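K.L.:
Here is how the chains run, residue by residue.
2 protein chains.
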Amino acid sequence: MKKFLLNETRMPRSWYNVVADLPGAMSPVLHPGTLKPIGPADLAPLFPMSIIEQEVSTDRFISIPDEVIDAYRLFRPTPLVRAERLEKYLGTPAHIYFKNESVSPAGSHKPNTAIPQAFYNRREGIRKLVTETGAGQWGSALSFAGQLFGLEVEIYMVAVSYQQKPYRRSLMRAWGGSVFSSPSNRTASGRAVLAEHPDSPGSLGIAISEAVERAASDPQAHYALGSVLNHVCLHQTVIGIEAREQMAEAGEYPDVVIGCVGGGSNFAGLAFPFVPDKLDGKPVRLMAVEPASCPTLTKGVFAYDYGDIARLTPVVEMYTLGHDYVPPAIHAGGLRYHGDSPLVSRLVHDGIAEARAYPQNACFEAAILFARTEGILPAPESSHAIRAAIDEALIAKAEGKPRTILFNLSGHGHFDLSAYDDYLDGKLHDVEYPAEAVAAAMLRLPRIEGAPASESPAGG
Amino acid sequence: MKKFLLNETRMPRSWYNVVADLPGAMSPVLHPGTLKPIGPADLAPLFPMSIIEQEVSTDRFISIPDEVIDAYRLFRPTPLVRAERLEKYLGTPAHIYFKNESVSPAGSHKPNTAIPQAFYNRREGIRKLVTETGAGQWGSALSFAGQLFGLEVEIYMVAVSYQQKPYRRSLMRAWGGSVFSSPSNRTASGRAVLAEHPDSPGSLGIAISEAVERAASDPQAHYALGSVLNHVCLHQTVIGIEAREQMAEAGEYPDVVIGCVGGGSNFAGLAFPFVPDKLDGKPVRLMAVEPASCPTLTKGVFAYDYGDIARLTPVVEMYTLGHDYVPPAIHAGGLRYHGDSPLVSRLVHDGIAEARAYPQNACFEAAILFARTEGILPAPESSHAIRAAIDEALIAKAEGKPRTILFNLSGHGHFDLSAYDDYLDGKLHDVEYPAEAVAAAMLRLPRIEGAPASESPAGG
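Protein sequences appear in the order of chains A and B.
Residue numbering for the first sequence is 14 to 473, as defined by my numbering.
Residue numbering for the second sequence is 14 to 473, as defined by my numbering.
Okay, chain A solo, but in the shape it has when bound (with noise of 0.2 Å):
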């Protein structure tokens, strides 16, 4: 057997919040300008009150309202796959098998948190939702959910994504969104921008500005955000919590779950529900994997930062590399991000949760790998994730032990394939880590009255 199909019967019924089993409290939230805890009439501008609600929760379960899970059952319950031919070509002992997200409508798995968080707005009675996207998988994403739930999706597309990934721009506009290459005149923001740089290629920074100051000034329109916060990871858990019945179902446990971290929140929905095994003692590592180009686990350190560049996002207390340190351009645009999840980061930081980096051209050479082998051309977020379980499989191979391995492939790489290109034709060169950019990044990071002073970093 190959393939653990769930039965669309037994996918889950409640979200599962790891905050309820931390061994202490998360440090608060910190409003940007005064720098003090914020409240939920902070983000009631935002967010729906429902979804600031699960942002602070710390019940362990969440239900999934109905028609969630009506949405979910257009793509899960997701396969979990046993990589059998991957194994064979490395002559493993290890059992290889990963959850397989990428069959989502928008291929990854973003639509995890855009169809709840699409519902619970149009629940409360918003008609639009705004948002930014890089690559533009949240993108298509959040528009393919709105269309579920009859909102208007208005995206914010950092500019030099919007000319070289037409295709992605392609999908959104195809569900129904509308998208703007940011900088745009339509907001204060990007005028601003524009005004001084008209040829501004984007950045995520400025997109963010953009959507929100929309969002904000809309009183029928509200923000979403694809990963980081606390929702979003919950939201995802139903990777993990399906991954546990379905390993079940194969008659195995994993030794090690891994999945690759940008904001995180892949990897959380996949790595969360194994966190009360983890705690009661059974042997089970949760592994975070990132490009070394921007190891925010491995090398940043454990801090209040803000969330973006403009200093408009609360101050929340994670890993980070400085909110204006500005990561490499590689081809897992997904994974570029100066700070992570705060639960990630706290998993991290309390030794649950391992880190580990990788330069791009080994995670290429994994995803060609696992394309040749197993058929699925991978994001290249995820081949990350594909080469800390190829790695790990051979290590067990190295020591001649058995080895049970899970991995999350988040996303195909469809759209993605001119990376691929430059692969092949040997034009992708590794970036180094820039440790005086980030050095110097770290400077600038908010000092906060009372807080402890930042730690050094988790690992190597």
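Keep in mind the hints are simulated off the structure, nothing from the lab.
Keep in mind the model is a prediction, meaning the values are calculated, not measured.
Hints are supplied without guarantee of correctness; some may be wrong.
Since the list gives no way to pick one copy over another, a pair counts as held whenever it fits inside one copy or between any two copies.
To be verified - Straight-line distance between alpha carbons at most 35 Å, and here's what the computed DSBU-like set of lysine-lysine pairs gives: (1) 101 <-> 141; (2) 16 <-> 141; (3) 15 <-> 141; (4) 101 <-> 16; (5) 291 <-> 410; (6) 291 <-> 16.
Got chain A; can you put chain B on it based on the hints?
P.N.:
Then chain B, alone, in the frame of chain A:
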């Protein structure tokens, strides 16, 4: 329940050969040079003996080799899905089901035959497969399959697609295929074209000539074809065998079974396994849907004709618009074929299947509606089947009667997004049926001694 995911232990162990159940024998295949019946020895330079045997077999069931089943398991069984959101949007009493072949790694049904073709060739000692590809669906499926069995794959891609669809080309390369723009300097036929037209955009006819020339001149190489022939339709019947079982699980039986038709293999795959029921008196309709600009089944003649413009391929009895009819450039590139599978042609000719033609804007309209309700963005080819399914559902609504509709979602549109942009921008024009060009092409059908005169069109 919405999705019916056959357990992989219930995957078909045999393909179904419709030839066994046809009321009469098929007309013989003729040699393109002599116009006399062709024998296995004539085909041996191009195909392995197992494939030649399948091409002429009259056995009802043909066992699927274990190695092929094992490779099918990478994506089969594919889901049968009830399109409840589409039904609800249409307000129809009809139940609409689709078989989702877009879940294969290559994104279409093509691997169903690419895999056994690669397997049989490898088993008979062949080291390389050569083929042509237009839009790239077939070339990518064969690259994927060749990789699984350690075969080199060499692909001649029509020059204009090579330039306009770089992502499809990249996908073939990622799976290890070598892709050449056709006409190329690698063959005598390619060089001859280039000598006269250095900027030739290429055509499937030229690409076929190049692939056949390369395969015939290398004793370790064979040729592979992705549609039309009997063995290709045979391999595709896994689709319909699974679908029958899944419909039974859903507690339903289709009133109408729908597939789009270019060469005919995806329609054949879904519909052929329902032919025995139909011949037993069940009132199931089998509907082949083609583009109005290339209306082979609805406006062509049932006659002997060549499979290609260069008259290199065997001559078969089929519906045809004339082998030198060049269909207008529409976005459903996979449906631009002057002829059709002899088996599908025969079923239509005998009244066992029916045919219908649609212009492309009506199909894109259906595709967008499908994407916005069911999530999946379909291939332009598949959108023809969706259009017909929607129309059947609307007829059921007008009549106020139930109807069970089953169609084949033969592939996704991730590599066809520029076509969607054209549609959404209102730039897509319906192409008139070029009756004069067809009439002219008809004059050039081969004249076969002793063959009955051509018959007039099958339908309107």
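K.L.:
Take the hints in turn and mark each one as holding or not.
P.N.:
Structure-based check of all given hints:
| no. | hint | result |
| --- | --- | --- |
| 1 | 101 <-> 141 | between (49 Å within a copy, 23 Å between copies) |
| 2 | 16 <-> 141 | between (39 Å within a copy, 30 Å between copies) |
| 3 | 15 <-> 141 | between (42 Å within a copy, 29 Å between copies) |
| 4 | 101 <-> 16 | both (16 Å within a copy, 31 Å between copies) |
| 5 | 291 <-> 410 | within (25 Å within a copy, 55 Å between copies) |
| 6 | 291 <-> 16 | both (26 Å within a copy, 34 Å between copies) |
Against the hints set out earlier in the document, no violation occurs for any number.
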